[in-house]
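**Student:** Take a look at the letters that make up each chain.
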Amino acid sequence: MMEKLYLIARIADTRVALRSRAIHSVVTVGAPVEVPAAPPHVAGLFALRSRVFTLIDPHVVIGLPPVPVAAGQRVIVIEVAEHGYALLADEIEDVCFIDAPETRIAGKLLPGWARVADAMIEHDGASLLVVDPSHLITLPSLKAA
Amino acid sequence: MDDLLNDFLAETAEILSDAGGAIVSWEADPADRAQLDAIFRFVHTIKGSSGFLSLPRVTALAHAAEDALDQVRRGNRTADAALVSAVLGIIDRLNMLCAALGQEGIEPAGDDSDAIGALSVQERPEPAATPAAVAGVPLRRREEDFGADLNGWRSIRVPLPLLDSVMTGVTDIVLARNEFARMLRESGADSATIAAFDRLSDSIAGMRQSVSQMRMQRIDKLFAPLPRIVRDLAQELGKKIAFQTSGGEVELDREMMENIRDPLIHIVRNAIDHGIETLDDRVAAGKEITATISVAARQSGNQIEIEVRDDGRGLSPDALVAKAIASRLVTAADARALSPREKLELIFRPGFSTAAKVTAVSGRGVGMDIVKANVEKIGGIVELRNDEGRGLAILLRVPMTLTIISGLMVRAAGQYFAIPRGAVREILLESGDTVRIDRVGGGELATVRGEQFPLLRLETILGCERDSDDDADDRALVIVRPGQGQSYALSVAAIHDHEELVIKPAAPMIMATGLYAGTTLPDNGRPVLLLDVQGLLAVAGIDASEAGRNKDGLADAEADALATRNAAQLLLFRDTDARVRGVRLSVIERVEDVPTNALFESAGRVQAQIGGEIFPVHAAKPPAGDGNIKLLRLHDGRAVLCYPIAEVIDIVRLPDAIQSSAAPGLIAGVVLVGGEPVELVDPFWLMEQHAGGARAPGLREPLCHLADDHDGWGANFLAPILRSAGYRVTAAGEAADETPDLLLLLSDDDGKCDHIAGEVPVIRLRSSAAASAPDDHSVYRYDREGLLAAMRRRVGGTRP
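Protein sequence lines correspond, in order, to chains B and F.
Going by the working numbering, the first sequence runs without a break in its numbering and finishes at 145.
Going by the working numbering, the second sequence runs without a break in its numbering and finishes at 800.
No lab work stands behind these hints, which were simulated from the structure alone.
Misleading hints may appear alongside valid ones.
To be verified - Residues from chain F that keep clear of chain B, each with C-beta distances beyond 12 Å, as calculated: (1) L163; (2) D172; (3) V250; (4) G514; (5) R526.
Said to hold, decoys possible - Under the rule of at most 20 Å between Cα atoms (straight-line distance), these lysine to any residue pairs were calculated in the SDA-like manner: (6) F:K372 / B:G84; (7) F:K504 / B:A119; (8) F:K343 / F:N386; (9) F:K221 / F:N374; (10) F:K372 / F:T171; (11) F:K47 / F:D80; (12) F:K323 / F:I289; (13) F:K372 / F:G443; (14) B:K4 / B:G107; (15) F:K504 / B:E34; (16) F:K504 / F:N374; (17) F:K504 / F:S165; (18) F:K504 / B:I92; (19) F:K504 / F:G89; (20) B:K4 / B:D90; (21) F:K372 / F:S165; (22) F:K504 / B:K4; (23) F:K47 / F:G89; (24) F:K504 / B:G44; (25) F:K323 / F:I370; (26) F:K343 / F:R328; (27) F:K372 / F:M509; (28) F:K343 / F:T278; (29) F:K221 / F:R397; (30) F:K504 / B:A81; (31) F:K504 / B:V33; (32) F:K504 / B:G84.
Claimed, not checked - Covered stretches of chain B (in silico footprint by chain F; criterion: 3 or more residues with CB under 8 Å from a CB of chain F, positions within the stretch not fixed): (33) 49-59; (34) 69-79.
Where a beta carbon is used, it is the ideal one built from N, C-alpha and C, also for glycine.
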């Protein structure tokens, strides 16, 4: 039933349902360590127990300016290709079991969202974008920035 | 019982993989008693443990091999190629049985009498006339590389995930300890508590060390199967290869090792199949017949470098491009735009294979693209160092992630970074007396005690602002040596300290910057990036090569290399009469391999047609039968003579002591090569016998003009003789642009001679045998010797 579990979070004023398969946990971070010369969506590094995680700012991935990292902020820890990442979110609501089927995206999205969103889903009388968290790790290949 | 069987299989697999390498090196040096004893113990151990588990086939095989080896140990038998092959055959059969045992849990039924029977075959003495088809593989292995002592099998097997969890656990303990230590200090604990805590702290540090070593393995495990692969492949392809490994003591993470095993084997196979030329090609290129392939591992900074070097033909960028265009990987237009480096890197394109035809050896669809992908998967890179015609070195650089390295912590832009201690040569202060910093054309240069280094500022490379708290006048300079023959100065805000660091790979997008080699978590719990000291150079776009910075050293090295190349070399070959002879390599233009029917007898001597040209051959009669014959093409600067041989054996340094022959002849003398007498062929005598052989084209031959040739006798009878004697001939009526060197008057009529231009010498031919007067300097026209002698006196003909 894991497929039906979603983590609902708010990223760039959009409520999204993140598929929970790749999600490890939700934790709070202290001040991350900067990575000079890294791609813009890399917000830094932080350690969780003995592991080092890469902090990703999904705002940059969907084409918005980066948001500052506040100390004590909660982040979504995911694992992609044996590397640990953490996603910055404006707000992390809850993990929900959503029984409704995923439906095709109706309407036109901003290009940044269109690239990462897979589908839409109905929950509590609202439409949420279904996003696979691993899509939020990679930047679109930039054309002459 | 199952546990026992599993233990047996694991142990046997390990023994068998070691045994293959040991046997091949024993073959190279049968006198190596230690190696023989080791192999004996290998099979003895297998025999013992298989008997206990009642595995009759395994026991019988091991027993047979043990028996045969024991005969050798007692001196009743000598180790020859047949015995070695038979023992290797037994090892293969044991491997097969163990694989079946592992899958089915029981020993499969079958017959091993063939494998056991092969042990009793004695090698027949080699018939002198037929060349040996088997190329030997001399093998050198440094002793310290040959692995761990034989008691090294006393080990247990632990699944990797378990090791990983132990390792993470220990790292967590370390972090908790640090937290606790800080709290202790702040709470002002009494000294007894602190002393107890320090003891705990020390044992945790020791434990962390041991745990990290658990995952590490000596890299010679990876090298162990290679000697066998080289031997078998070299025999199959009829090549002679000396295989060497070094740096087997370098340690690498087990998982990493798994990932580079196949790429490494593939590269070695490629080198044997494509890189190393055939024996004849090597001779033609003036190389040692025995090719060398070396595999070397070393730790270089934060990376492990594994280099596979061969002295074969190297890569030809043009051939690669042609191949890539033919297989439609690039268009001809794109190919023109490629840099030399990009041309070489075509071999990494999927679907590319350098072999002209797909061979059984390496044409298996596994290409260099897979090698590259595998190495890059673990954060490594593949580098080509090509020396066209002289060899190729393929360098695998893999990060030492999951390993513990000693790191130097430096600060820049208010942040800490780690530099592998191994790559740091020296640490200085920028303001120090020994350091001078110059700005040259926008770049910076640090001169330390007369030695110059390109200067990189860490903040600039990382694209950061300098931290305002850092003291701009008190920066530190780290002299970094990222690899052999490279060095540069890295300027940082401050040096912090040394720390033992566990390096883990960073996320792919961070590794992709090329600036970082991994991440590490020091004791304070704040992640630190490990700088890629080689990558910094690439990003900064600086050539940090030390070559050329010190002029004298460079010149010396070149002179040395030149002297080695100039040493006289001797080509050893087996003559058609089966004798081993030698000839100075420098007189050999090339070795031709031609069908026997290209040789024919004509005009009283044997000639060979090679391509569109005909050359004289030193032979009494053309060879009989079909097939091919090898010809040494001797060249004296003007003429070519072919010398038929049975086969090329080797190229050696020409010994100084030559026992000269009493009388001039084919053999100029005898030298000792490797304790065996070798007859030295005298190229001078050979050329003399063949009267200079065929003329190399391009030499100016004297021009002889035939005058008064009314009846065509000159053109029909005389001209062919003159031409074969090395003159060019023009007759009356043929327009000659140049003044003839000689005039032949074919008429007895005296009066005609005055139309001859003053300077040109004249010979008059007369039709009567007897001279008409005492002062008659004419020559009888059928006196061949007399005429040629007279012509030679006038102009110096080219041939007696």
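**Student:** The structure should be examined with respect to each hint, and the outcome stated for every one.
**Tutor:** Against the structure, the hints come out as follows:
{"no.": "1", "hint": "L163", "in the structure": "holds, 14 Å"}
{"no.": "2", "hint": "D172", "in the structure": "violated, 5 Å"}
{"no.": "3", "hint": "V250", "in the structure": "holds, 25 Å"}
{"no.": "4", "hint": "G514", "in the structure": "violated, 9 Å"}
{"no.": "5", "hint": "R526", "in the structure": "violated, 6 Å"}
{"no.": "6", "hint": "F:K372 / B:G84", "in the structure": "violated, 25 Å"}
{"no.": "7", "hint": "F:K504 / B:A119", "in the structure": "violated, 36 Å"}
{"no.": "8", "hint": "F:K343 / F:N386", "in the structure": "holds, 11 Å"}
{"no.": "9", "hint": "F:K221 / F:N374", "in the structure": "holds, 19 Å"}
{"no.": "10", "hint": "F:K372 / F:T171", "in the structure": "violated, 32 Å"}
{"no.": "11", "hint": "F:K47 / F:D80", "in the structure": "violated, 23 Å"}
{"no.": "12", "hint": "F:K323 / F:I289", "in the structure": "violated, 28 Å"}
{"no.": "13", "hint": "F:K372 / F:G443", "in the structure": "violated, 34 Å"}
{"no.": "14", "hint": "B:K4 / B:G107", "in the structure": "violated, 24 Å"}
{"no.": "15", "hint": "F:K504 / B:E34", "in the structure": "holds, 17 Å"}
{"no.": "16", "hint": "F:K504 / F:N374", "in the structure": "holds, 18 Å"}
{"no.": "17", "hint": "F:K504 / F:S165", "in the structure": "holds, 15 Å"}
{"no.": "18", "hint": "F:K504 / B:I92", "in the structure": "violated, 29 Å"}
{"no.": "19", "hint": "F:K504 / F:G89", "in the structure": "violated, 43 Å"}
{"no.": "20", "hint": "B:K4 / B:D90", "in the structure": "violated, 23 Å"}
{"no.": "21", "hint": "F:K372 / F:S165", "in the structure": "violated, 30 Å"}
{"no.": "22", "hint": "F:K504 / B:K4", "in the structure": "violated, 34 Å"}
{"no.": "23", "hint": "F:K47 / F:G89", "in the structure": "holds, 16 Å"}
{"no.": "24", "hint": "F:K504 / B:G44", "in the structure": "holds, 16 Å"}
{"no.": "25", "hint": "F:K323 / F:I370", "in the structure": "holds, 19 Å"}
{"no.": "26", "hint": "F:K343 / F:R328", "in the structure": "holds, 14 Å"}
{"no.": "27", "hint": "F:K372 / F:M509", "in the structure": "holds, 18 Å"}
{"no.": "28", "hint": "F:K343 / F:T278", "in the structure": "violated, 25 Å"}
{"no.": "29", "hint": "F:K221 / F:R397", "in the structure": "holds, 18 Å"}
{"no.": "30", "hint": "F:K504 / B:A81", "in the structure": "holds, 14 Å"}
{"no.": "31", "hint": "F:K504 / B:V33", "in the structure": "holds, 16 Å"}
{"no.": "32", "hint": "F:K504 / B:G84", "in the structure": "holds, 12 Å"}
{"no.": "33", "hint": "49-59", "in the structure": "holds (count 5)"}
{"no.": "34", "hint": "69-79", "in the structure": "violated (count 0)"}
In summary, the structure is inconsistent with hints 2, 4, 5, 6, 7, 10, 11, 12, 13, 14, 18, 19, 20, 21, 22, 28 and 34 from the numbered list given earlier, while agreeing with the others.
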